[in-house]
Amino acid sequence: MSLSVHFHGTLGQFALDVAFEAPGRGITALFGPSGCGKTSVLRCAAGLQRLNGRFALDGDVWQEGRTFRPTHKRSIGYVFQEASLFPHLSVRTNLLFGHRRTVGRGVPEHIRLDDVVDLLGLGHLLARSPEHLSGGERQRVGVGRALLSQPRLLLMDEPLAALDRFSKEEILPYLERLHGVLSVPVLYVSHDIAEVERLADHLVLLRQGRVVAAGPMQELQADPTLPIARMPEAGVTLPAVVAGREDAYGLTLLRLDGGHLFVPGDLGPQGTARRARIAASDVSLARNPPEGSTILNALPARIVAAERQDEVQMMAVVALGEEGRGARMLARVTRKSWDALGLSPGQPVYAQVKGVALVQESL
Amino acid sequence: MSWQPIILTLELAALTTVILLIVGTPLAWWLARSGAWWKEAVATVVALPLVLPPTVLGFYLLMLLGPNGPGGWLASLWGARSMAFTFEGLVIGSVLYSMPFVVQPIRNAFEAFGDRPLEAAATLRASPLDTFFTVAVPLARRGFLTGAVLGFAHTMGEFGVVLMIGGNIPGQTKVLSVAIYDYVETLQWDEAHLLAGGMLVFSFTVILTMMMLEKRIGRGGR
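Protein sequences, first through last, are from chains A and B. With the first letter of the first sequence counted as 1, position 239 gets the number 239 in UniProt numbering; the numbers rise by one all the way through. With the first letter of the second sequence counted as 1, position 1 gets the number 1 in UniProt numbering; the numbers rise by one all the way through.
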């Protein structure tokens with residue numbers, strides 16, 4: 001754990017008191033509804049806003065008591081919701097704005113202009129004015145500009161929220177690639193669970209200025225008591241590796257922790273790492289191995305927990321593998337079936353996966 | 001007809017504009033960014049010359065610069081009796097008189113781009129001073145252009161204040177507007193025509209050039 005965050009104070013209408021730790025690598029998403037204070041936490045981390053509290057990165061204290069390091073002395077990269085490029089500078093000079101002030105003054109260069117240009121596909125934009133870029137292009141330049149200032153911490157404030165769906169889809173793959181190559185921790189603010197599931201490794205759930213839960217994303221996703229399990233799109237995102245192919249049927253076999261899954265399409269050569277998203281509503285449970293069913297994937301698992309969601313639905317958590325030691329998945333089943341099958345925690349079941357809704361690259 | 005008043009006027013306007021840009025820029029920045037509750041009072045003082053009759057301003061300046069005011073005390077340091085009826089006094093008067101025309105456009109320009117570019121610069125390791133010169137000033141360049149041109153042009157045309165504190169000393173305080181007045185008083189119509197017409201053409205050219213430049217800057221950068 002190398003990012004230690006605690007801020008408290010009054011923010012307009014409500015009191016904010018947010019404390020969490022985040023790992024020194026990977027993307028930690030601050031997730032919650034609009035107005036829950038997540039952007040304020042990010043601004044406080046950047047020193048753009050000041051609340052009481054403490055902030056330390058790798059034991060380096062940026063704020064504590066009277067100590068408050070001003071923004072321009074913090075080794076951060078900040079990506080705003082609107083790219084906020086400097087309109088009087090070209091794309092290239094925008095990209096190099098922070099670079100000149102860090103590498104130009106002796107900070108070691110971890111990432112070069114060429115790397116950023118390749119990573120984010122900016123080659124053809126360098127000579128242009130930010131005025132003549134699309135929303136998605138502008139945001140890519142904003143990300144590149146932040147990276148080139150050689151930050152030790154990258155802060156992203158809903159970088160996709162101001163984009164239309166098309167631009168969002170255009171930029172997401174770049175962010176996923178970034179995730180693979182970046183060695184610095186990222187705090188990523190978002191209110192879009194789909195975005196968070198594609199990108200984040202860790203999750204901090206916020207509600208009205210408080211932390212509801214914090215931890216590795218898969219753990220939180222598979223906790224039926226948390227509000228994210230109540231969302232219609234609840235599900236889990238599991239790391240997976242391509243284990244084989246069945247070319248005659250156009251299928252790829254993915255290995256998960258504790259089981260295997262067939263998914264349609266070619267997902268790359270054996271050993272390729274992927275992220276598989278399995279929605280709770282795409283998983284049904286059976287007591288016996290299914291026969292005469294068109295469902296391709298029926299994975300042995302054990303029920304580990306269950307939570308009644310409303311009058312109709314139950315949310316069950318199953319752990320893959322006959323012993324129930326593998327990855328956890330959510331299954332949304334009706335209470336009627338639950339009672340009819342006499343299901344309860346501890347029982348072995350077969351988790352039938354009707355679809356892997358989203359399979360994304362994760363390098 | 002003598003060229004002296006024209007040259008003197010240009011000197012006065014140029015010097016006044018330079019001083020106003022140096023003094024007015026930090027003032028405009030403070031007015032745009034400060035959260036002080038009394039800043040609007042300061043802004044009002046700056047704006048007063050817009051409303052006050054020039055003679056009122058001139059009267060107070062005369063009190064200020066005359067032998068019994070602080071200006072007189074200042075002048076005594078270099079052995080003069082008073083700063084009224086001197087070129088220096090005229091510069092001070094012009095700076096105060098034209099200040100709103102320079103400060104207001106620059107302040108507006110500073111306010112127009114909001115906090116975001118400054119925050120972005122800070123996250124990219126630019127110190128406040130660095131940010132001011134590399135982000136704020138370039139983004140406000142339209143305001144600077146407008147302010148400089150208005151300040152220059154306005155100083156060229158001032159009359160009331162000059163009459164009160166400058167008098168009519170050739171080569172010292174006899175500027176264009178006073179010279180025209182003089183010619184009319186003495187019924188020298190041809191000379192008056194020439195100077196007045198020249199001012200008309202000058203003003204027209206200045207404003208037209210400014211509008212065209214503004215348009216170009218507007219297209220070029222922002």
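Honestly, the hints are just simulated from the structure, not real lab data. Positions of the beta carbon are idealized from the N, C-alpha and C atoms, including for glycine. Errors might be hidden in some of the hints.
Reference listing, derived: stretches of chain A covered by chain B, where coverage requires no fewer than 3 residues with Cβ under 8 Å from a Cβ of chain B [to be verified]: (1) 64 to 73; (2) 91 to 103; (3) 145 to 153.
How the hints compare with the structure:
As drawn, the segment 64 to 73 of chain A meets chain B at 4 residues by the rule of a beta-carbon pair under 8 Å; at three or more, the given contact holds. Here's how the segment 91 to 103 of chain A fares: 4 of its residues keep a CB closer than 8 Å to some CB of chain B, so the rule of at least three is met and the hint holds. Requiring three or more residues with a Cβ within less than 8 Å of a Cβ of chain B, the coverage given for the segment 145 to 153 of chain A holds, as 3 such residues are present.
Violated hints: none; the structure is consistent with every hint.
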